[in-house]
Amino acid sequence: MISAVVGYLSGAMPFGYWAGKLKGLDIRQHGSGNIGATNVIRVLGKGIGIPVFILDALKGWLPVWLATSFLAQQGASAEIVSTGAVVAGLSAVLGHMYTFWLGFKGGKGVATTAGVLLGIAPLAMLGGLVVWLLFFFTLRYVSLASMMAGVGVVATMVALMAKVGHWDFVMLSFGVLIMVLVIVRHRGNVSRILAGTEPKAGRKK
Numbered sequence: 001m002i003s004a005v006v007g008y009l010s011g012a013m014p015f016g017y018w019a020g021k022l023k024g025l026d027i028r029q030h031g032s033g034n035i036g037a038t039n040v041i042r043v044l045g046k047g048i049g050i051p052v053f054i055l056d057a058l059k060g061w062l063p064v065w066l067a068t069s070f071l072a073q074q075g076a077s078a079e080i081v082s083t084g085a086v087v088a089g090l091s092a093v094l095g096h097m098y099t100f101w102l103g104f105k106g107g108k109g110v111a112t113t114a115g116v117l118l119g120i121a122p123l124a125m126l127g128g129l130v131v132w133l134l135f136f137f138t139l140r141y142v143s144l145a146s147m148m149a150g151v152g153v154v155a156t157m158v159a160l161m162a163k164v165g166h167w168d169f170v171m172l173s174f175g176v177l178i179m180v181l182v183i184v185r186h187r188g189n190v191s192r193i194l195a196g197t198e199p200k201a202g203r204k205k
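Going by the working numbering, the first residue of the sequence shown is number 1, and it counts up by one from there.
Errors might be hidden in some of the hints.
[Stated by the list, open to error] Simulated crosslink set (BS3-like; lysine-lysine; CA at most 27 Å straight-line):
#	residue 1	residue 2
1	Lys105	Lys46
2	Lys200	Lys23
3	Lys46	Lys23
4	Lys105	Lys23
5	Lys46	Lys163
6	Lys105	Lys21
By construction, these hints were calculated from the structure, which means they are not laboratory data.
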């Protein structure tokens, strides 16, 4: 399916890794070893890390927008448009997590997921953002805030669907799958949090 291919190729672009190379280092060998924006900020600073976050989010949003626009122009039903957008978005997240550029080893997918959700479920993204901010400013763990944001996204989806009385199981399944993927990708962080070795925001590892 074209949506899946476009989504994966977009998501697979490792902007964090490329940013590190522009600075003469392999970001995978520094900090947490992750290619995502959080580690880029920790190693290279906000001036580089924030643009990486924006680009990682954009590569999730763009294929969703392209799939939605194309299918709508073809006169596809709302269900087909929604499914195409979900496929493109999920593929983008998987592309970031398992990029062919780096031997199918990538980031944790938080920024890319945010971009995808902005395109297909902005209210759910807002719910996740509120949860992220709550946990981040309370405990200062970016990893824990990101995992709980995934829970917040699913909870928001359930609440909104229950309120309107319409259950979009494709979208809900997408939310649950993304939540699980993000948590699984953070399993190392969970171990470090429990061991008391996970760095908090604003502190050097």
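Checked hints:
no., hint, verdict
1, Lys105 <-> Lys46, "holds, 24 Å"
2, Lys200 <-> Lys23, "holds, 25 Å"
3, Lys46 <-> Lys23, "holds, 14 Å"
4, Lys105 <-> Lys23, "holds, 21 Å"
5, Lys46 <-> Lys163, "violated, 39 Å"
6, Lys105 <-> Lys21, "holds, 17 Å"
The structure is inconsistent with hint 5 alone, although it conforms to all the rest.
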